[in-house]
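Engineer: What follows is each chain in one-letter form.
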Amino acid sequence: MQLLVNGKSYEVDVDEETTLLSVLRHDLGLTGTKYGCGDGDCGACTVLIDGEAKQSCLMPVDSAAGLEVTTIEGLANGDILHPVQEAFIEHTAFQCAYCTPGFIMSTVGLLSRNPNPDDRQIRAALTGNICRCGAYVRILRAARAAAEKLAQPGGNQ
Amino acid sequence: MTVSTDLKPDLKPDTALVVTGPPQWAGDLTLREPPGPDATLLEMDRQGNTIAYSGKVEYGQGIRTGFSLAIADELDVPLASVALILGDTSLVPYDRGTTGSVSTKEVGIQLRRAAAAARRALVGLAARRWELNAESLSTREGQVFAAGDPGKKVSYAELLQGQQLQLAIPEDIAVKDPRDYVLMGRDSTRTDAYARVTGQARYSQDIVVDGMLHGKVLRPPSYGARLQSIDTSGAEREPGFVMVVQEGDFVGVLCDREDAAEGALGAMRARWQEEPDLPADTDLPRLLKEKARQTVILREDGAPDAGFAQADQVLEGRYFVPYIYNAPMETSAAVAFWDDGKLTVWSGDRSPFGVRDELAQAFGISQDRVRVIAPEIGGSFGTKATNGVAGEAARLSRLANRPVRVAYSRAEEFMWGTVRPAALIEIRSGFQSDGKIVAWEAIAYHTGDRPNRGQRGADTPYNTSNVRIAVADSESPLKAGSYRSLGCAANHFAREVHIDEIAAALGLDPVDLRLRNLSHQRLRRVLERTADRFGWSSPPPESAGGRGVAIGYDAGSYVAECVELTVARRGVRLHRVVAGVDCGMVVHPEGVRNQTEGGIIMGMGTALREAVEFDAGRLLNPAFSRYRVPRIADAPEIEVVLAGDSATPSTGAGEPGMVPIAAAISNAVYAATGTRVRSLPIVPQLS
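Heads up: the protein sequence lines correspond to chains A and B, in order.
For the first sequence, the numbering used here begins at 1 and goes up steadily by one.
For the second sequence, the numbering used here begins at 1 and goes up steadily by one.
Just so you know, the hints here were simulated from the structure itself, not pulled from any lab data.
Warning: the hint list may mix true and false statements.
[Claimed, not checked] According to the in silico footprint, chain A covers these stretches of chain B (three or more CB under 8 angstroms from chain A): (1) 188–197; (2) 367–381; (3) 597–609.
[Unchecked claim] Estimated spans, in silico, between C-beta atoms of each pair: (4) A:Asn114 <-> B:His575: 19 to 27 angstroms; (5) B:Arg226 <-> A:Ala124: 42 to 50 angstroms; (6) B:Ser625 <-> A:Gly7: 43 to 51 angstroms; (7) A:Ala124 <-> B:Ser538: 30 to 38 angstroms; (8) A:Gly7 <-> B:Asp340: 55 to 63 angstroms; (9) B:Arg286 <-> A:Met1: 17 to 25 angstroms; (10) B:Glu316 <-> A:Glu52: 41 to 49 angstroms; (11) A:Gly7 <-> B:Arg129: 48 to 56 angstroms; (12) A:Asp62 <-> B:Glu141: 33 to 41 angstroms; (13) A:Glu52 <-> B:Ser625: 39 to 47 angstroms; (14) A:Glu52 <-> B:Asp180: 25 to 33 angstroms; (15) A:Asn77 <-> B:Glu141: 27 to 35 angstroms; (16) B:Glu542 <-> A:Ala124: 24 to 32 angstroms.
[What the hints assert, rightly or not] Negatives, chain B to chain A, calculated, CB over 10 angstroms: (17) Ala80; (18) Arg128; (19) Tyr181; (20) Gly224; (21) Gln228; (22) Arg257; (23) Met329; (24) Glu426; (25) Asp449; (26) Arg631; (27) Pro636.
Yeah, the Cβ is synthetic: ideal placement off N, Cα and C, and Gly gets one too.
Using the sequences provided together with the hints, build the complete structure.
Structural biologist: Structure follows, in structure tokens:
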């Protein structure tokens, strides 16, 4: 089947029940998207499907066929990081960072549908992502800072 | 991403300066083990780039950044010119594992000394070149300058042309005075930040080797179950199946992809003989005492009986902490391959040398035929030590004669990773009506394999002349391992709740009561500064919630925490935490703040909701949907106050944040509700 990931078209030959996560990591070598639980409980595998944050660990790959999949590897514009990535660096919104790609994708998904979320909305949008290192106060700060960056002229790539 | 399978280190051809020395600072007499033979600690090439080597691993704590900052500062080179090689047993000096929050204290200082030695050598080269006294020269940004002549300068790279120097760290080498720090003590961007936000950071889960197979290992349904019979024919019909391997009870299946291996494993039919009469979590507080083995007296001072006789009041309390899942976000993973009798394993373990020695022993080969490489590790918190997937991957790889990857599923990580030991602590105190504690007896039962599992933090830091402290190890029905602030957080929960009970019994302020019984200057200072910052003495008039305080010590550091929370029908809402930490000289303030916040969040989980539930050898809540770890919606506002001074040597920062938090929360719940909670987790007991 045809899969569109980070603007590139891939032909993948897998069982249609194979998860999108498995295809991204195994077949496309895009290991930035992480396995955390395989149950949709932790958000480590979050990617964007047509701009919306979705967990890829339970999603059969055929349901993503024909849609635009964006992973952490496809977020930056060449060498220019996405404002959410910049904000995560500036606020050191991570420790081990295994959950970071998922948090960043969830934050990008949130800001694309709600460019100016309040604290409660940020918490609600990101509560499906677990950071066991406990960098939450930094992630909250980074999400707010990213919203401000995006609101500036030219902030939206 | 495919990694090189070349066993030989990629030594840079233009290495010009090598500094060797003991891996850990021999001047630190508190080291529990000899530091090991001299090893290469630092190299510079002719472009002026530096590579440093350490057996520590990066599992999120930021040690790569801390070491880089310290080395760049001592050497006076740009931060970007320093690279670190961590946790590769073929390249780095021996290390006993990244544990106990000692990396900065024991290895960071040694890398600073190595960098200072390199800087001295470079200044010496410049002094000879210019025929000037070395004392008249200074260094900055990778260059040597002559005093009084701004035009006279030479870069390290230029000085190193044509050089081939090797030196041991001189005995008399001095590290920089804090007043001269350029990078240390200041906030920097983590050196690994870019890789971490772009998906480029490579974890053990992400290692791919050409020709690699994916293995899954048959696991018993319950602890101690023995395999009776197995029918593997179902596995063979799965797409992607390659082979089944079996050695006695050890059964694995190898497939061309991981999900296929899971399917093939699920298609096997196994019969098990399960262990009868295994306990449940509800048996725990009782079992801890019943199954106690050796008791060790940690301290016996004065005459406790006489102390209790002169007390105005005597208070007794029993405190319990359950088993906790470490639950790092990255489940354990390893890739192994054999080549000409040599074994290479990428494994996300916090003790690469421990794994190397374990593998050498298991396969009957010498240690130098085993190379263990720890890539980025997605969290540990004490688990991921030895006895995990590395050995399984190596075993499957040898049987299959192919590179093999083994990764735990989340359910496997819950069941076969290690858990924090449960503990029961009994305290009896005697005190006078002015708050002076005159007698203190405590015995702590911690599950584990040796009595010292529960020693950390068991002693009281308060001034009491009649003291008896004992710890005992109890047989563990679960696979207990290490945890952030092992034993120490449990002992502090007990003691700091008990101290709060004394304050309540006397109607004294809990901060005041602590200060009346504390002469330890660093603990007093960190408590006073934290309470001050929190506004302890001036509570908001309209506050509907409760405020709690607790203090503690761990890893050579001192910590105090004040919290504010409200209790509602649906649980406890933690609003605000102020944490003071004194870990001596701070190399990277953002690193210490981040670690302290993480310890608070993790400790909040242990306080409010986390507990392993089990019965008859099975886990009852091995999933994030049934085991509630803190989520971002639960996160309080956290302020970290760095309360140490730069003249005091660095001590641990990874664990102290966790130490007082559970007690501070329980004490605040008491303040809010009048309910004293002596067992964790708190929330199930409030409803």
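Engineer: The structure should be examined with respect to each hint, and the outcome stated for every one.
Structural biologist: Here is how each hint holds up against the structure:
1. 188–197: Since three or more residues must qualify, the claim that chain A covers the stretch 188–197 of chain B holds, with 7 doing so at under 8 angstroms.
2. 367–381: holds (count 5)
3. 597–609: holds (count 6)
4. A:Asn114 <-> B:His575: 19 to 27 angstroms: Since the Cβ atoms of Asn114 (chain A) and His575 (chain B) sit about 25 angstroms apart, the hinted range of 19 to 27 angstroms holds.
5. B:Arg226 <-> A:Ala124: 42 to 50 angstroms: 48 angstroms, holds
6. B:Ser625 <-> A:Gly7: 43 to 51 angstroms: 34 angstroms, violated
7. A:Ala124 <-> B:Ser538: 30 to 38 angstroms: 33 angstroms, holds
8. A:Gly7 <-> B:Asp340: 55 to 63 angstroms: 44 angstroms, violated
9. B:Arg286 <-> A:Met1: 17 to 25 angstroms: 58 angstroms, violated
10. B:Glu316 <-> A:Glu52: 41 to 49 angstroms: Between Glu316 (chain B) and Glu52 (chain A), where Cβ atoms are some 57 angstroms apart, the hint is violated.
11. A:Gly7 <-> B:Arg129: 48 to 56 angstroms: With a Cβ separation near 54 angstroms, Gly7 (chain A) and Arg129 (chain B) satisfy 48 to 56 angstroms, so the hint holds.
12. A:Asp62 <-> B:Glu141: 33 to 41 angstroms: Distance hint for Asp62 (chain A), Glu141 (chain B) is violated at roughly 56 angstroms.
13. A:Glu52 <-> B:Ser625: 39 to 47 angstroms: 22 angstroms, violated
14. A:Glu52 <-> B:Asp180: 25 to 33 angstroms: 52 angstroms, violated
15. A:Asn77 <-> B:Glu141: 27 to 35 angstroms: Given range 27 to 35 angstroms: holds, Cβ gap about 32 angstroms.
16. B:Glu542 <-> A:Ala124: 24 to 32 angstroms: 27 angstroms, holds
17. Ala80: 15 angstroms, holds
18. Arg128: 43 angstroms, holds
19. Tyr181: 20 angstroms, holds
20. Gly224: About 26 angstroms separates Gly224 (chain B) from the closest Cβ of chain A, which puts it past 10 angstroms; holds.
21. Gln228: Since the minimum Cβ distance to chain A is about 29 angstroms, Gln228 (chain B) lies beyond 10 angstroms and the statement holds.
22. Arg257: Not fine: 5 angstroms to the nearest Cβ puts Arg257 (chain B) too close to chain A.
23. Met329: Non-interface label fails for Met329 (chain B): nearest chain A Cβ at 4 angstroms, not farther than 10 angstroms.
24. Glu426: Glu426 (chain B) clear of chain A: closest Cβ-Cβ about 31 angstroms, beyond 10 angstroms.
25. Asp449: About 25 angstroms separates Asp449 (chain B) from the closest Cβ of chain A, which puts it past 10 angstroms; holds.
26. Arg631: Violated: least Cβ distance 5 angstroms, not greater than 10 angstroms.
27. Pro636: It is violated; Pro636 (chain B) is separated from chain A by about 8 angstroms at its closest Cβ, not greater than 10 angstroms.
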